[in-house]
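Visitor: For this one, chain G is given, so just place chain X on it according to the hints.
Protein chains: 2
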Amino acid sequence: MTRYLPILTWARTYDRGTLTNDVVAAMIVTVMLIPQSLAYALLAGLPPQVGLYASIAPLLAYAVFGTSRALAVGPVAVISLMTATAAGGVAVQGSPEYVAAALILALISGLILTVMGILRLGFLANLLSHPVIAGFITASGILIAVSQLKHILGIKASGETLPEMIRTMSETIGQANLPTIAIGVLSLGFLFWVRKGLKPILVRIGAATRTAEILTRTAPVLVVLLSTLTVAVLALDKHGVPIVGAIPTGLPPIGAPLFDPGLWSALFVPALLISVIGFVESVSVAQTLAAKRRQRIEPSQELVGLGASNIASAFTGGYPVTGGFARSVVNFDAGAETPAAGAYTAIGIAAAALFLTPALFFLPVAVLAATIIVAVLSLVNLSQLREVWRYSRNDFAAMASTILITLFFGVEAGVVTGVVVSLALYLWRASRPHAAIVGRVPRTEHFRNVLRHEVETVPTLLTLRVDESLTFVNARWLEEKVLEIVAERPELKHLILMCSAVNEIDASALESLEAINHRLSDGGVLLHLSEVKGPVLDRLARSDLLDELSGKIFLSQHDAYQELAAPSFHEGDKR
Amino acid sequence: MTRYLPILTWARTYDRGTLTNDVVAAMIVTVMLIPQSLAYALLAGLPPQVGLYASIAPLLAYAVFGTSRALAVGPVAVISLMTATAAGGVAVQGSPEYVAAALILALISGLILTVMGILRLGFLANLLSHPVIAGFITASGILIAVSQLKHILGIKASGETLPEMIRTMSETIGQANLPTIAIGVLSLGFLFWVRKGLKPILVRIGAATRTAEILTRTAPVLVVLLSTLTVAVLALDKHGVPIVGAIPTGLPPIGAPLFDPGLWSALFVPALLISVIGFVESVSVAQTLAAKRRQRIEPSQELVGLGASNIASAFTGGYPVTGGFARSVVNFDAGAETPAAGAYTAIGIAAAALFLTPALFFLPVAVLAATIIVAVLSLVNLSQLREVWRYSRNDFAAMASTILITLFFGVEAGVVTGVVVSLALYLWRASRPHAAIVGRVPRTEHFRNVLRHEVETVPTLLTLRVDESLTFVNARWLEEKVLEIVAERPELKHLILMCSAVNEIDASALESLEAINHRLSDGGVLLHLSEVKGPVLDRLARSDLLDELSGKIFLSQHDAYQELAAPSFHEGDKR
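Residue numbers (the working numbering), protein chains in the order written: chain G, 1 to 575; chain X, 1 to 575.
Calculated from the structure, these hints are not laboratory results.
Check before you lean on any hint, since a few could be wrong.
Same chains, same label: a pair holds when it works inside one copy or across any pair of copies.
Result set (BS3-like, lysine-lysine): computed pairs, CA atoms no more than 30 Å apart in a straight line [to be verified]: (1) Lys-292 - Lys-481; (2) Lys-196 - Lys-238; (3) Lys-552 - Lys-481; (4) Lys-533 - Lys-481; (5) Lys-493 - Lys-552; (6) Lys-493 - Lys-292; (7) Lys-552 - Lys-292; (8) Lys-481 - Lys-493; (9) Lys-292 - Lys-238; (10) Lys-156 - Lys-238; (11) Lys-156 - Lys-199; (12) Lys-493 - Lys-533; (13) Lys-196 - Lys-292; (14) Lys-292 - Lys-199.
Next comes chain G alone, as it looks inside the complex (with noise of 0.2 Å):
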């Protein structure tokens, strides 16, 4: 039950000591996150309210189901931009079918999952490598960054491309409105600067590293705060400077998302993209978190917990959430201990819905565009890109094309193109696998691969050892390996495949085996195995191959050499 019900281990020994603390984390995220909320909402083309209600129910139903204990949920950046290319797929931003489609959009992925956690399908996130997940938040970083300048500048843009986003924003950008473009820019300069300046001023005067971190953190409240006064006192709204306007007051509105088969089947993949980034996204940060306590997460329960807070979201007029990294981290630094904290969270982010919105009237949109740049710029790593160059040809070929088809074709396209260019390249290698001719190291029992080193080998007899598992992704290439050595040696009469590697063969090897040994057989050339590994033999041993080998099993590849190198190795002895 409490693998289900993961509050069910911590609720129980929850005592006033984790309150306060809790209380405390909450606070401070709560301030972190009404700015980001509404930021986010504008980044997924939707209301600014769907950014707070969705940072209301969503960290409730987490804290029921989710297992990390210091996990912050809510609207982040890059899951904001992939709402916005799917649901501007199917509707035209500011319409309700629009919006309608980003409630869809968190049901559907909330039910996948969901269902995912529940199968333990978990181990499907695998389909995208570390280099594509990186490839892809750093292209989605510079996409989101882009699309951002249009608020900054005042001028309209749209465009789910860079060289969309480019062509629009060159056709508008004699409209750019001056007192906008004055508030964005300050904006960011204040805001970069709490980044790289004022941490370290803060530790100066002597703040704990860890309080100055909060404090930089929540710093754009203090943006929020004095741009918005500005606005109001200068009536700078009269002047061009688009301001955020009247936010709806109230509790979140509960209801079932659209059931349109049509909307659905055509958000199916874009939601299945969604959780996929989103799970990964989260289960990365959650366990980085947990490490640092010697604690543990339980990933397909993980995957209920953002499935449940998915659901919440549709069913409260949210839109799709994941973990958040920044906030994880300010939740965590801050003190949080349980799941508790995302719920006083919630608490506090529904206060402000209730109470905060009027008072946001004339909070600029370029400053909350401004905070999104500065937030998504940090995902922005392109040395990265040398990094894995160094390291691997292949992972920088996976993550360089996911980068070029995220920016140039969508995000959509970008992931497809990453998972599709992962799963080709892991195929490809594992479709060669490691694998060597061995000889005997002169007077011992050991084998070793006969391009390395100075062994004995006997023209008769071949010894090929595979340094990995047997299955279906390799098994063409060991019936092939195996036809090209007996083709180029007319003298071969014994073939040893020597296992001590082979932790499995599956069905697909079986019958390569099998194909080989009668292949062989019709050749003249026998077919031996040496040193298989217990379980594999067992299995084995439910097969015909055993039977219908041509050759022998032994137990050592010194037994079969021995045995099989017999007359040369006389001969070698007289000599």
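Guide: Same frame as chain G, but now just chain X:
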């Protein structure tokens, strides 16, 4: 040059003896191929002459570009069924658009195969595990056999799935035609008897096994002759027996397939599936036959050969082709020595198209259906299900789901399901690699699994031996495994990763190792590596891991144990 034009290899040494052998083989294959071509065209829903056309130019193209000495290409059963499904999805059977769709399928499929060959992407065929292919072929065989029953009964029926076929047949069963049933059942009975009963008789009366086999395979021609004569003499076509009717006389029409972007994109995925299934089937036949004479085929060049065949088919009024199992075996047994035998077969079929078609006017469709049923029932092998079940539950799941989806949702859904299931199962296994916590075998330098052997361990030190390469598919597993180990053991100070079986560490696994290193440091545990292979260590040296590693790299696990277990080790010594 000979690499891309294999004809240059064998044409240089071509002599009179080889010519005689090839011509004899070609004559036998021609006799076998005439009824088969007509029958498979019927199965594909195409006019009968299309089957003949697909057996002319493709064979010439393969003779130039193919590497197998014995493979006989042309129309085959499974590809014909897949063509019917794909073309039926975009056009009505019997319409000119349907014939055009078949040509486009051949062209796209030819281009895909050629490009895969040039880019050496043959490894992508590894996407299909053996149980999936076997399941798909068995299910297709059942679908094909059932689809031909309507011709045996002389009724109309349609459908691409088993339930549809049975439903439409049961609706029209009342219109069954007695003379047609008589011809169909007699043909079926005779053909089955030829398969099972004729060969032993021929061998008993003194024929060589090989001759008996060849006579058995060409027996369908006898049925064609007898039934055509019977229908003509008794004028059974007037009594409702469907006949082939007028087949246009002449050589294949030469012309480019229709270029229609909408149709091309609709047919791309079916063409891809046809390419992959065709290649996998053909290459396995070619490898089996090559091995019997210790020859080799070149899989990448085989892709080019099959690609060229399909392109040739597309420009000469054919439809998708591949290497056929039965006819290749006959070709081989009849003594074909080079791909020239295929070219001579093409000449034979061209002669048939020019002169023989009028003689086929009264050929009953039921006889062609009987030929198909007898041919495909040899593909149906449900006993494999039992064997695979005994060997591996995972592989059984892949096979059974492929069979069920193919039967109930059609061939395209079947192949796609098979690929997805194969890959998912593979990833699932690959994401949970073999690994063991190891301890020292007392008084030795050997380290073994603590669960299986009596070994020494130390509470502050733990060694995890990973038995597979570390890549993105298992990187997450490694992170979780390590966190679990550390979370369970508060006294732990040192974790050693023993890498004796690690052939590769990709960028994702490197990232995970870096994350593990940081997380362990945060938790007060040092991470060490032991027995890292040379090439792996060389590559790690190009990353930051070695600088950042909290612990050390040990050449041998013994050294690591000696140094890190030291205090407890000495205590042990004193006792």
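Visitor: Does each hint fit the structure? Answer for all of them.
Guide: Consistency of the hints with the structure:
1. Lys-292 - Lys-481: Between. Shortest inter-copy distance 16 Å satisfies the 30 Å Cα cut-off; intra-copy 48 Å does not.
2. Lys-196 - Lys-238: neither (34 Å within a copy, 94 Å between copies)
3. Lys-552 - Lys-481: within (20 Å within a copy, 38 Å between copies)
4. Lys-533 - Lys-481: both (22 Å within a copy, 24 Å between copies)
5. Lys-493 - Lys-552: Answer is within; shortest intra-copy Cα gap is 13 Å, inter-copy 47 Å.
6. Lys-493 - Lys-292: The answer is between: 15 Å across copies meets 30 Å, while 59 Å in one copy does not.
7. Lys-552 - Lys-292: between (53 Å within a copy, 21 Å between copies)
8. Lys-481 - Lys-493: within (16 Å within a copy, 45 Å between copies)
9. Lys-292 - Lys-238: neither (51 Å within a copy, 88 Å between copies)
10. Lys-156 - Lys-238: Only inside one copy: Lys-156 and Lys-238 sit 18 Å apart there, 76 Å across copies, limit 30 Å.
11. Lys-156 - Lys-199: Neither, since 35 Å and 81 Å both go past 30 Å.
12. Lys-493 - Lys-533: This pair counts as within: shortest intra-copy Cα distance 25 Å, inter-copy 33 Å.
13. Lys-196 - Lys-292: within (25 Å within a copy, 72 Å between copies)
14. Lys-292 - Lys-199: Cα proximity of Lys-292 and Lys-199: one copy only (22 Å, versus 75 Å across).
Comparing the model with each numbered hint stated earlier shows that hints 2, 9 and 11 do not hold.
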